[in-house]
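Enquirer: Could you put together the complete structure from these sequences and hints?
Residues per chain are reported as follows:
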Amino acid sequence: MKVTIVTFRDIFQSEAQEVDRFGEDYRRMSAVVFLDKSDAAKAGIKDGSNVLVESDNGRVVVVARISEDTHPGLAFMPNSPWSNQLVPAKTDDTRIPSYKSISATISVTDDKIPTVEDLLRELVS
Amino acid sequence: MAVCTGCSLLCDDIEVSIDGRRITKTKNLCRKGFGRYRSLASDRSVPRVDGRQAGIEEAISRAAEMLRNAKRPLLFGWSCSTLEAQRKGIELARRTKAIIDDTSSICQGEIMDMVIRKDIPTCTLDDVRNYGDTLIFWGCDPSSSHPRHMSRFSYFPRGEKLQRGHEEDRTAFLIDIRTSPTAKILAGNFIQISPGGDADLIEAMLAVLDGKIPRVRDKKAMISMMNRLKKADMGVIFPGLGLAYSLKGRMDRMKALVDRLNETTRYNVIPMVGHYNMRGFNQLLFDETGFINRVSFADGVDHGPVYSVVEASKSCDLALVVGSDPISSLPAGIAKALAGVPMITLDPHRTLTTELSRVVIPTALSGIEAGGSALRMDGVRIEFDPIVKSEYPSDEEVLSKILEEI
Amino acid sequence: MVSAMEIYQLTPKLNCKKCGLPTCMAFAVALLAREKQIEDCTPLLEPKYEAKLKKLREVMAPIAGATETGLVIHEDRCYGCGNCVVACPVNVANDPKGSAIGLGPKSDRVILVVEDGVVRCLNPKECRRFGPNRILCNLCTATCPSKAIEFV
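Residue numbers (this note's numbering), protein chains in the order written: chain A, 227 to 351; chain B, 15 to 420; chain C, -13 to 138.
Don't read these hints as lab results, they were simulated from the structure.
Hints should not be assumed to be uniformly reliable.
[What the hints assert, rightly or not] Going by beta-carbon spacing under 10 Å, a handful of chain B positions derived as facing chain C:
id	residue
1	Met15
2	Ile28
3	Glu29
4	Ile32
5	Cys44
6	Lys46
7	Gly47
8	Asp155
9	Ser158
10	Pro161
11	Arg166
12	Phe167
13	Tyr169
14	His317
15	Ser414
[Unchecked claim] Derived pair list, reagent style DSSO-like, types lysine-lysine, alpha-carbon separation capped at 27 Å:
id	chain 1	residue 1	chain 2	residue 2
16	B	Lys41	C	Lys92
17	B	Lys41	C	Lys83
18	B	Lys245	B	Lys226
19	C	Lys133	A	Lys272
20	C	Lys83	B	Lys39
21	A	Lys316	B	Lys328
22	A	Lys316	B	Lys350
23	B	Lys85	A	Lys316
24	A	Lys338	B	Lys350
25	B	Lys198	A	Lys272
26	B	Lys39	C	Lys133
27	A	Lys316	B	Lys233
28	B	Lys41	C	Lys111
29	A	Lys228	B	Lys262
30	B	Lys198	A	Lys263
31	C	Lys92	B	Lys175
32	A	Lys263	C	Lys133
33	B	Lys175	C	Lys83
34	B	Lys39	C	Lys111
35	B	Lys198	C	Lys133
36	C	Lys22	B	Lys39
37	C	Lys133	B	Lys41
[Stated by the list, open to error] Partner residues are not named here, just some residues of chain B that face chain A (Cβ under 10 Å, in silico):
id	residue
38	Arg50
39	Tyr51
40	Arg52
Built from N, CA and C at the ideal position, the CB exists for glycine as well.
Expert: What follows is the structure in structure tokens.
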């Protein structure tokens, strides 16, 4: 399924980040993508299943959640090191990354959600 | 009363009960601010040099040595430090002929630049509370990012000229992509746009102001909103990250709208700055160099996109990171470049950046363990004293020692 | 949130008046309004109604913390933003130098305060939904971004 990913701030995730950015709470609240109900149904994605999100820049496994509100074609992710796997490293003349408009595909996966440590290992590999 | 450094509202009506170093009860802190206070006891960083634990003094000396030997250092972060620490940071950048940049470079820099240069009119949040009768929250979700924004200043409180509160005296519009928690409160005045739709919306608003028919689906709603906006005694626009990213490189269109609105009544702009003292850094650097961010002192003062954290991460030979976690907040491709550079990090907490740093210097949590001053998102200076004793030095103290040793 | 009809379905439906009310439906309404306790229905405590009693206790549990005005605070959802603190007309009237102008409360006669990052209810009897002249004020719930306050 093709979507545009838009990142956002969630207060519970911000709180978890303040308290412990290596903690399970922060991972649970960060490594997640909110999908439109009909989009998810069409793609056969169930609430709570692991999905692989891929952009031109990178890929990351997160949990899919179905939104209460409708937003076909859009998917929302809390701003975090997980969403940052997808943000293009290439920027325009402003040198401001496009954090809130990322073209991506989403598909069901059996792969595991990476921990912060996994993401760090990938950075230094 | 204590001050909360959890966001750029710098709430200064916080009541805290303390037992030794333990915070036993707080009043008036929002969930996010309470998280910052709780972090006093969680996952503090430990001093480290070249991968092994060390003393703070040794870490400082090693940092000074690395900075002395660097050819093209980048000094980054700053938005979570006091004005006093930031001043030392700029001095350190001059002394080491470094590139200095802050988090505004990847968020609100463009619009903050206009505000600080006075290219766009602004006011204080106290003015908003007293006189701001028409509000536009644009590409932001204050309920989540600045939880007390609407209750302390912008929408709900009684003000000098607005005694009847939000139900009768104030009108607030929200322009956003997502049906956010704030959209639930402002449901009747929520204008939902598509990603990147901000520029088109501005053109439609300008069209109505020029008496033309706007090219939008719901023409009636647009015209009714503009009629309301024109009736403001004092309007205020709060641009958030949604607007900053959608309109990057075209922020002159926002200025065009604000200028046009100001032809008939007063409109001000206060950017929704995230970190507690980003504005302070931008103002200080501007006062010293004429630029709010992205400055190089390699040869006098130079400014430009090449000195942005995004570019400098790839070109620097050393990074000093102060109170920021760029490894977490930069796009992974850029974080990867930065991870390949020797880093010195000052932070109260263990972060993704401290994990990859060659030198880590733990510092006091400002507002709780260290005093100082900062500029609120509206530019008002707020001073604070420490409320608990700390075993850690402040950013300012660490930077002073590094300066002495260089 | 549980309704009076759901509660009624869990009563013995005897209309025995032992609780002091004429019907089991009236008892259900009174239970929801916290004017009666589950234990006021003595037949319900008999072994043959054990399953109903258990279920009734379950459905009533979420509103056990409700104040006399029916105000329930879901701390786990609360942002601590203080919108309700500042919008509450009683807070505004009793605390003109504090919550009325957006600051933390300075009066001890306010109803809503924020402590440790979440809202707490202090003086429920001051609420406009309480007492003989009550009105259905809903400013605290209408201004909440996360449905953390409910009236039951």
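Enquirer: A separate judgement is required for each hint: does it hold in the structure or not?
Expert: Results of checking the hints against the structure:
no. : hint                : in the structure
1   : Met15               : holds (9 Å)
2   : Ile28               : holds (7 Å)
3   : Glu29               : holds (7 Å)
4   : Ile32               : violated (14 Å)
5   : Cys44               : holds (4 Å)
6   : Lys46               : holds (8 Å)
7   : Gly47               : holds (7 Å)
8   : Asp155              : holds (9 Å)
9   : Ser158              : holds (7 Å)
10  : Pro161              : holds (4 Å)
11  : Arg166              : holds (4 Å)
12  : Phe167              : holds (6 Å)
13  : Tyr169              : holds (8 Å)
14  : His317              : violated (38 Å)
15  : Ser414              : violated (34 Å)
16  : B:Lys41 x C:Lys92   : holds (11 Å)
17  : B:Lys41 x C:Lys83   : holds (16 Å)
18  : B:Lys245 x B:Lys226 : holds (18 Å)
19  : C:Lys133 x A:Lys272 : holds (25 Å)
20  : C:Lys83 x B:Lys39   : holds (23 Å)
21  : A:Lys316 x B:Lys328 : holds (12 Å)
22  : A:Lys316 x B:Lys350 : holds (13 Å)
23  : B:Lys85 x A:Lys316  : holds (25 Å)
24  : A:Lys338 x B:Lys350 : holds (22 Å)
25  : B:Lys198 x A:Lys272 : holds (26 Å)
26  : B:Lys39 x C:Lys133  : holds (25 Å)
27  : A:Lys316 x B:Lys233 : violated (37 Å)
28  : B:Lys41 x C:Lys111  : holds (22 Å)
29  : A:Lys228 x B:Lys262 : holds (24 Å)
30  : B:Lys198 x A:Lys263 : holds (19 Å)
31  : C:Lys92 x B:Lys175  : holds (22 Å)
32  : A:Lys263 x C:Lys133 : holds (22 Å)
33  : B:Lys175 x C:Lys83  : holds (15 Å)
34  : B:Lys39 x C:Lys111  : holds (25 Å)
35  : B:Lys198 x C:Lys133 : holds (10 Å)
36  : C:Lys22 x B:Lys39   : violated (35 Å)
37  : C:Lys133 x B:Lys41  : holds (21 Å)
38  : Arg50               : holds (5 Å)
39  : Tyr51               : holds (9 Å)
40  : Arg52               : holds (5 Å)
Checked against the numbered hints above, the structure breaks hints 4, 14, 15, 27, 36 and satisfies the rest.
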